[in-house]
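Read off the chains here:
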Amino acid sequence: MLRRFTDSDTWFDLFNYLFLAAVFVVTFYPFWNILVISLNDATDSVRGGLYLWPRVFTFESYATIFRNTELMGSIKVTVLRTLLGTPLSVLAISMMAYSLSKRELVAWRFFTLFFIFTMYFGGGLIPTYMVIKSLGLIDSFWVFIFPGLIGVFLMILVRTYIEGLPGEVEESAKIDGANDLQIFVRIVLPLCIPVLATIALFIGIGHWNAWYDSYIYTYKPELKTLQAVLVKILNQFQTGDMVSEAEKLANSSKRIPVSGESIRMAVTMVATLPIIMVYPFVQRYFVKGIMMGAIKS
Amino acid sequence: MQPSELRQTAPAKKKLARRLNEQKYLLLMLSPAVIWALCFCYLPMVGIYMAFVNYQPSLGDFWHHLFHAEFVGVDWFEYFFRNGDFVRIMRNTIASTLLTLLFSFPAPIIIAIAVNEVKNGLFRRSVQTVSYLPHFISWVIAANIVVTVLSSDGVVNSLLKFLHLTDASVLFLQEGKYFWWIVAFANTWKDMGYSSIIYLAAISSINGDLYEAAKVDGAGRFKQIRYITLPHLKPTIVILLILSLGGILNAGFDQHFLLGNGLVQDYSDVLSTYSFRYGLQNSMFSYASAVGVFNSVVAFMLIVVVNFASKKLNNQSLF
Chain A
1 MLRRFTDSDT
11 WFDLFNYLFL
21 AAVFVVTFYP
31 FWNILVISLN
41 DATDSVRGGL
51 YLWPRVFTFE
61 SYATIFRNTE
71 LMGSIKVTVL
81 RTLLGTPLSV
91 LAISMMAYSL
101 SKRELVAWRF
111 FTLFFIFTMY
121 FGGGLIPTYM
131 VIKSLGLIDS
141 FWVFIFPGLI
151 GVFLMILVRT
161 YIEGLPGEVE
171 ESAKIDGAND
181 LQIFVRIVLP
191 LCIPVLATIA
201 LFIGIGHWNA
211 WYDSYIYTYK
221 PELKTLQAVL
231 VKILNQFQTG
241 DMVSEAEKLA
251 NSSKRIPVSG
261 ESIRMAVTMV
271 ATLPIIMVYP
281 FVQRYFVKGI
291 MMGAIKS
Chain B
1001 MQPSELRQTA
1011 PAKKKLARRL
1021 NEQKYLLLML
1031 SPAVIWALCF
1041 CYLPMVGIYM
1051 AFVNYQPSLG
1061 DFWHHLFHAE
1071 FVGVDWFEYF
1081 FRNGDFVRIM
1091 RNTIASTLLT
1101 LLFSFPAPII
1111 IAIAVNEVKN
1121 GLFRRSVQTV
1131 SYLPHFISWV
1141 IAANIVVTVL
1151 SSDGVVNSLL
1161 KFLHLTDASV
1171 LFLQEGKYFW
1181 WIVAFANTWK
1191 DMGYSSIIYL
1201 AAISSINGDL
1211 YEAAKVDGAG
1221 RFKQIRYITL
1231 PHLKPTIVIL
1241 LILSLGGILN
1251 AGFDQHFLLG
1261 NGLVQDYSDV
1271 LSTYSFRYGL
1281 QNSMFSYASA
1291 VGVFNSVVAF
1301 MLIVVVNFAS
1311 KKLNNQSLF
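Chains as they are written, first to last, in the numbering used here: chain A, 1 to 297; chain B, 1001 to 1319.
Derived by calculation from the structure, the hints in this document are not laboratory data. Glycine included, C-beta positions come from ideal geometry on N, C-alpha and C. Check each hint, because a few of them may be wrong.
[Stated by the list, open to error] Chain B stretches covered by chain A per the calculated footprint, using a threshold of three residues with CB under 8 Å from any CB of chain A:
{"no.": "1", "segment": "1023-1033"}
{"no.": "2", "segment": "1164-1173"}
{"no.": "3", "segment": "1279-1293"}
Kindly produce the complete structure, drawing on both the sequences and the hints.
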């Protein structure tokens, strides 16, 4: 009897491990494949058949990116919006969450519904575009910061966290004569660091990955984010333009032949690398974040 | 959004002016968010009026031109329903979301159960870490990856040729018939690991004694999954399924826009990309916003209905 179960358990484990190994390969390999092609000599890449290892190893595609002023400019814009936009969002969201955690607030119910409603209903693409335009945000760096400043869902995470804090510290500070602003800065913010770190990660990754706002609200090349440049490269690759954006970039270096394909891979890698690099350190927070979200809704 | 028990101190009935004075800092801290919502959420809702007029794009103040434009009622909506595009766009939107649901819904459940059965900590952590990763890259990068692995000399074609399933490379991204499948697989690839977190959380709350008891009764691993794990996951599965039905019109702009191209447009056009194309590329602003309004209103009604259903079934609701 015992043998039989042990056997079927062994088979189960074998298939289970094989299945998960397949999941591992399927999610990991595409990244590896991009890396391999980006590190291979461009002329050689045209022969195809690059799967596990570069045949003719070179950093030339990456060197091309770093020599190209347009691409370097777009990296600068992306870094700047991430570094500026993230703290501003975290501050605005935490102030909002603190206020809305006070149920004795004037018109608390109205304010709550006022924000929740925006999660489920919006004006849609065209009216939003028109509003952004009439606010004078077209071709302005601030279009990357203001429209996405608040995330109502993230606010709910922070509010829930604040509501879970022990109220005594706040009360004693109040008796000592501190006002809400002082309590917020000196007591609530320091206590909220774990949840604020979590939402900062979400917001920061969001800024790094953003392309849509840059793609539709900006026309100046110096305001294009890295991801928006990548969209342009992808579009031209897809429609098969004779001289694609990537090839133009490749040719502008004029030194060693670099194909559009390898530039596309290298730009993709440059856009992905920061995420892959911070990812192992922050993974725990993400998991915590989604758990908090799951419990809430 | 249950009221917290801790904060249930009933507000004393004070004079409004006094309360406003007492709460001036709270209101001050709330004001950026209020201004934000008015500017970027409620003003666009006013702009919806665009869908009911014949807005002519011209220089100058948007609001002035909007309210002085010729009122045409629901003409743009009628035009959308009648001109033949409606059926195609709705077919693509619904086919794409349903096909995505078919793959991306069971995948995280299976992964969560499989991961849970792994006893080796290192293997378990590696699989989890890697499978969450695609969720955090942008759709731009994901689209680049999809285009690369599906290209004529990409990995997928090489594999198909190696297995003698095809002789010539399949041009996946140039034929409409593959498009919905590609989007469905790409969506699944991107989010299956990350979505499994919710199910893993649900599994970890199952009492371990149940498994011990089942083992004593002679249940193998399959039976334990079937009679213990799955029944405990059922409430989570049901609520997530109901919620995802609420998003049936939300096919995702990014993936359809980034993976689509002129050759597959008949299959890749969904409500959001169609509205984008007519509005921002062809400057038919009023028509495009009518399409957007149709999308928002139907999606909102779906969410309300779905929320009602989930309240009835699970006693859980979003709002």
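- Message: For the segment 1023-1033 of chain B, count the residues whose Cβ lies under 8 Å from any Cβ of chain A; is that count three or more?
- Response: Since three or more residues must qualify, the claim that chain A covers the segment 1023-1033 of chain B holds, with 9 doing so at under 8 Å.
**Prompt:** Does the segment 1164-1173 of chain B contain three or more residues whose Cβ lies closer than 8 Å to a Cβ of chain A?
**Reply:** violated (count 1)
| said: Can you tell me if the segment 1279-1293 of chain B counts as covered by chain A, using C-beta to C-beta distances under 8 Å and a minimum of three residues? | reply: Holds, because 7 residues of the segment 1279-1293 of chain B bring their Cβ atoms closer than 8 Å to Cβ atoms of chain A.
Of the hints listed earlier, the one the structure fails to meet is number 2.
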